[in-house]
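Asks: Given two chains presented individually in distinct reference frames, assemble the corresponding complex, making use of the accompanying hints.
Listed below are the residues making up each chain.
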Amino acid sequence: MDAATATAVQLRLTPELQYVLRLADTGLVHAQRLSEWCGHAPVLEEDIALTNMALDLLGQARALLTHAAALEGQGLDEDRLAYWREHDQFFNLTLVEQPLRKPGAHAPGGDFADTVLRNFVLASWLKAACAALQTSRDETLAGIAAKSLKEARYHQQHNADWVQRLGDGTEESARRMAAAVQRLWPYTAEMFEHDAVDEAARTSGLGPARQDLRAAWQAEVAEVFAAAGLTLPPDTPFRSTGTQGRHSEHLGYLLAEMQVLQRQHPGGRW
Amino acid sequence: MSAPAAESPRDEWPLFEVFVRPKSGLDHKHCGSLHAADAKMAVQLAREVYTRRQEGCSVWVVKSSDITASDPGDRAMYFDPMEDKVYRHPSFYELPEGVRHL
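Chains as they are written, first to last, in the working numbering: chain E, 3 to 272; chain Y, 2 to 103.
This is chain Y alone, in the form it adopts within the complex (with noise of 0.2 Å):
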């Protein structure tokens, strides 16, 4: 349960992204951040600061730490959508009955 010694009082504290699926919800979405001492404090707190308790819906939250972001500095590569490029979108597809969320 105790963790090891902080190197001050602000790590022990970290940072924690919260990701909340709603009940009727398909996919968990970011929608926050918060301060806990754990993982699991940074569950409850969660709950309590971003869900308000409902019931049914699912709480990820990972320490700030342990994402990757992209480069924001990286988006000339990225310069041609392929908007020009209608065959690079599967667009052309008929869906079966009864597929849905696509």
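One chain only, chain E, in its complex shape (with noise of 0.2 Å):
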């Protein structure tokens, strides 16, 4: 491998390059955190849930960042994007780059009413965005979308019954969730952002603006919040911006630990 090809990608980036990116990158790193309970869940079968979801998610990510590196034209590859990015080059939603799981007592993370009430807010978000990706101009990304929503579906109804379970469960179990829901909420509001990339990606027929998904998403969460006795907390000013390639303090820390072995050994295969 020549040493181009062993330094940090600098992205040529275009709106429909972040756009893509955006999902591309939300997926990957969801996947990446839910992939942390690989052998911690709470029981063996939901062990085996959470760690499918993660390769859903992974096989979602594939696909776009291998959609992403063809539109980008440098001769990029989904291996590139996502082991050779600084994070300011990454496009995720801050809210999946939290830590889910406590590695020890002192360290950041929440535990399982987090993971199963953010698996339910962004499979939401996700089924909302693949309907309406399903008609994009972009063939390749309809065609993802389409393969996608089918699994963003399962996710949706898998957590949604945790929510519900442990919302409606014992005092305990409902303190939890309506504590993940405080810790979580302020970082949904960057599913609804609207920029000049959403405003292209509507207007050019490639995708629906984050803005359109806000109603589809709104109603589904509110039925299941309302069965599991939970309130929609009011909106926050906090604002996150990882969308922007501006992110939170967690990322570096979950890139490094991500990337490490192919920065060691630039060029390997696997």
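One or more of the hints may lead you astray.
[What the hints assert, rightly or not] If you want a taste of the chain Y side facing chain E, the calculated C-beta under 10 Å gives, among others:
(1) M42
(2) Q45
(3) R48
[As the list claims (entries may be wrong)] Just a sample of chain E residues kept apart from chain Y, beta carbon distances all over 12 Å, derived:
(4) H42
(5) A65
(6) E74
(7) E80
(8) D81
(9) H108
(10) S138
(11) H196
(12) A202
(13) T205
(14) P210
(15) L234
(16) P236
(17) R241
(18) S250
(19) Y255
Keep in mind the hints are simulated off the structure, nothing from the lab. Cβ atoms here follow ideal geometry from the backbone N, Cα and C, with glycine treated the same way.
Replies: Rendered as structure tokens:
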């Protein structure tokens, strides 16, 4: 491998590329977080379910990154994009990079309630996005969306059940679920922000602007929350900016772990 | 949705038996068991564990405690499987065309 491919990728960013990377990176980073549960879930069957969801999301991310590499036009591929971009070249929702599991007593991270709630709000969001993307003028994107929609539906159902089960379970589980809602809610605003990338996607027929997803998402979430005895928190002024390439302190650590081997052995074949 | 409080944490995850009929299959076959909090979750997890979410397959789950099994101790009663009484086997019928899976 020549030196050029052993250096960090500098993207030739267009609104279209950023739009696709927002979806791809959200799936990739969320899959990475979910896979941290492997072997640690409350029960064996849920362990399998969580890792299966991670696999689905990783599959979606691979397809989207491959497509993003083609759009970018420098001859990159999914691996170069996953392992050789710095954090400011990632465009995932800030929500998905937040720690999910507490590796130690004093480490950041949440509990199982955080996990099912995050899965639920994201799956609802991806479901709305994929449904709209099926009619994208970009045929590859439309194809990926059609395939991803089935998976998003399943993820949404599975985790909606859990949100209800915990919200409407014991006193302890209800308390934890409510606490998870409080912690997570400020990060949901970013799912519906609107900027030039969204505007370009909407006007060019590439896909929905994030604003366009809000009504469908809100309806689903409200229904499940009502059944779970949870209240939707009011909007907060906090705004996260991962989709702009400006991330929380957690993404750097996540990438360091995810990318270390590729960077130690540039050009290795696996 | 919320179940009555369980006696012990072990009771919160009763055992379910899983029967799956594949997409082009004719009958449900027992393929294993799993623990789940309720039947709905058992179906979901069965899809996850036993079918890899293949489209078009049917899943049944039954609480293991609802299954009554024959007693292995009764085998002595069935010592004579009627092998020597061919007239007791339905093996002398001509099947009309078009009857399959019999």
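Asks: It remains to establish, for every hint, whether it holds in the given structure.
Replies: So, going through the hints one by one against the coordinates:
Nearest Cβ of chain E to the Cβ of M42 of chain Y: about 7 Å, under the 10 Å cut. The hint holds. Among the interface hints, the one on Q45 of chain Y holds; its C-beta lies about 6 Å from the nearest C-beta in chain E, closer than the 10 Å criterion. Taken as an interface hint, R48 of chain Y checks out: its beta carbon lies about 8 Å from the nearest beta carbon of chain E, inside 10 Å. Distance check on H42 of chain E: its Cβ is at least 17 Å (rounded) from any Cβ of chain Y, clearing the 12 Å threshold; non-interface status holds.
Listed as a non-interface residue, A65 of chain E keeps its Cβ farther than 12 Å from every Cβ of chain Y; the least gap is roughly 18 Å. With a minimum CB-CB distance of about 32 Å to chain Y, E74 of chain E clears the 12 Å threshold, and the non-interface call stands. Look at E80 of chain E: its CB is around 23 Å from the nearest CB on chain Y, clear of 12 Å, so calling it non-interface holds up. Every CB of chain Y lies more than 12 Å from the CB of D81 of chain E, the least distance being 25 Å, so the non-interface label holds.
Non-interface status of H108 of chain E relative to chain Y is upheld: no Cβ of that chain comes within 12 Å, the nearest being about 27 Å off. For S138 of chain E, the condition that its CB be more than 12 Å from all CB atoms of chain Y holds, with the nearest at approximately 23 Å. Against the 12 Å criterion, H196 of chain E stays outside the reach of chain Y, whose nearest CB is about 34 Å from its own CB. The beta carbon of A202 of chain E is kept farther than 12 Å from every beta carbon of chain Y, the shortest such distance being approximately 35 Å.
At roughly 36 Å from the closest C-beta of chain Y, the C-beta of T205 of chain E stays outside 12 Å, upholding its exclusion from the interface. Taking the minimum C-beta to C-beta distance to chain Y, about 26 Å, the non-interface status of P210 of chain E holds against the 12 Å cut. Distance to chain Y confirms L234 of chain E as a non-interface residue, since its nearest Cβ pair spans about 19 Å, more than 12 Å. Listed as a non-interface residue, P236 of chain E keeps its Cβ farther than 12 Å from every Cβ of chain Y; the least gap is roughly 26 Å.
Look at R241 of chain E: its CB is around 34 Å from the nearest CB on chain Y, clear of 12 Å, so calling it non-interface holds up. With a closest Cβ-Cβ approach of about 31 Å to chain Y, S250 of chain E is found to remain outside the 12 Å limit, as its non-interface label requires. Non-interface call for Y255 of chain E relative to chain Y: holds, since the shortest CB-CB distance, roughly 30 Å, exceeds 12 Å.
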